[in-house]
Amino acid sequence: MATLAQQIVNGLVLGALIGLIALGYTMVYGIIKLINFAHGEVFMVGAFGAHFTSAYLLPDAMPWYAALPVLCVAAVAVSVTVAVLMERLAYRPLRDAHSLAPLITALGVSILLQEVVRVFYPGATAPLPFPRVFVDSQLTAGSLIVQWTGVLAVAVSPLLAAALHWYVERSRLGRAMRAVAEDPDTARLMGIDLNRVILATFVLGAVLAGLGAVLYGIHYGQIDTTMGFQNGIFAFTAAVLGGIGSIRGAMLGAFCIGMVKSLAGQYAWGGAQYDYVWVFVLLILVLMFRPQGFLGRLERVRA
Amino acid sequence: MLEVNGLSVAYGAIEAVKDVSFTVAEGQVVCLVGANGAGKSTTLRTVSGLLRPRRGEILFRGRPIHHLPAHKVLATGIAHCPEGRKLFATMTVEENLLLGAYLRRDHDIARDAAHVYELFPVLGQRRHQKAGLFSGGEQQMLAIGRAMMARPSLLMFDEPTMGLSPIMIQRIMDTIGVLRDQGTTILMVEQNALAALALSDHGYVIDLGRTTLSGPGRQLLADPRVREAYLG
Chain W
1033 MATLAQQIVN GLVLGALIGL IALGYTMVYG IIKLINFAHG EVFMVGAFGA HFTSAYLLPD
1093 AMPWYAALPV LCVAAVAVSV TVAVLMERLA YRPLRDAHSL APLITALGVS ILLQEVVRVF
1153 YPGATAPLPF PRVFVDSQLT AGSLIVQWTG VLAVAVSPLL AAALHWYVER SRLGRAMRAV
1213 AEDPDTARLM GIDLNRVILA TFVLGAVLAG LGAVLYGIHY GQIDTTMGFQ NGIFAFTAAV
1273 LGGIGSIRGA MLGAFCIGMV KSLAGQYAWG GAQYDYVWVF VLLILVLMFR PQGFLGRLER
1333 VRA
Chain L
23 MLEVNGLSVA YGAIEAVKDV SFTVAEGQVV CLVGANGAGK STTLRTVSGL LRPRRGEILF
83 RGRPIHHLPA HKVLATGIAH CPEGRKLFAT MTVEENLLLG AYLRRDHDIA RDAAHVYELF
143 PVLGQRRHQK AGLFSGGEQQ MLAIGRAMMA RPSLLMFDEP TMGLSPIMIQ RIMDTIGVLR
203 DQGTTILMVE QNALAALALS DHGYVIDLGR TTLSGPGRQL LADPRVREAY LG
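Those protein sequences? They're chains W and L, same order as listed. Each number in the numbering used here corresponds to the 1-based position in the first sequence with 1032 added. Each number in the numbering used here corresponds to the 1-based position in the second sequence with 22 added.
Fair warning: there could be bad hints in the mix.
Covered stretches of chain L (in silico footprint by chain W; criterion: 3 or more residues with CB under 8 Å from a CB of chain W, positions within the stretch not fixed) [to be verified]:
(1) 63-76
(2) 121-127
(3) 143-156
I should point out that these hints are in silico values taken from the structure, not numbers from a laboratory. No residue lacks a Cβ here, since even glycine has one placed at the ideal position from N, Cα and C.
Go ahead and model the full structure; you've got the sequences and the hints to work with.
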């Protein structure tokens, strides 16, 4: 019983973190129908940006309420910069190309970023300890252990998703994003600058990924160059599971995946080494019976 | 106001518009008529910046605009109400109107929306419903309203009566007449040449990508070549 409760807690935390990455996948797909496989790397470079700031720029002793916001700003700045460069240099020139071209480019950008960080970041060939910049203690109830960092992630992630949802539904830019997603040519006739709106979508996704990176770092305590790839796969799966293009779907999918991975790692055949297998089993099952995902809309061919 | 000279537009190797020239004077209703595939829609899409011409020039108030992206063409005062209405079907009536006013930063947007609701009461009553739920005629009203929200000085309509009932066709044509009376210049593309030319100050016949005939609307209506080709 205590183990079950513990795994549920672990699953919630993982789901919250994956959700922040999944939002970037779903937003970019929603607007330009591109699976940006390099989005996991946007998350990864954010973590390294925060690590760099902490290791080389900040004084050693800083209270967490000062250090945490600084690291968040640093992570977001690095994630956004990389995402903007990615869109401008890699994807924008391929805007009118066959859709396979940007997809393969995304894979290339993903590998490029992993390798650049691995080769040039000091010590990044092995996992690096992430600074403990949040309350480094835990809640205990019997044998159940809940890290405060996990509480933070589970509290903040759905709030950010709700804020994003509100922004997309209510703001002028959000309305423009939905217009571009629905019909880019007609959106242009409304006076919408496609390039600006698409760039803004990448930026929003990167902001969430950067914040997710800091939450991830303080919770798991270490980062490495493959964290973006691994979690990106889960996040992409979460976005598809929830219905790609849907903000609420991405969050729902992420919590499902966190939960399945955590519970299957404990109870299913194969244990923790095979936990990810069950994630994809879930994906296949859902796609068999509901190809559009939980909250997605079926693509209709426009007349 | 608008001057198109020797326009040629191609999709890859296919030249949809070969040599189209026409002018629209301020305050006029001008109509381009012609068969399906003659290049009328392509011409409008090029004027509004969605397509780039291969040759020729487009001048608006004397300034070339054929190199501008679509959002900048709208900013000069040319709105385009596209073929097939192209509403944002998953968005409400109100959101569609707000998108029409996307470039505006003034405080009269709500008043202009109220004006559209006055003109088309059905839109006002159902302003929070999704545009995709409306009938063809109602959707056309919303498409016109959305284009009006940009406060254009030149409004282009591409097949505004396509698929509508005769009563609705009359209603749409009356509305276009009202817009003209209020000072908006109109450029229209229609297969329904009878209704369109009757309303037009000037008409051009486009055939296989070229402007072949032109004249005042009523004169073209009476022209035996036009009657034979487009009016049956």
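key: Numbers of unmet hints, in rising order   = 3
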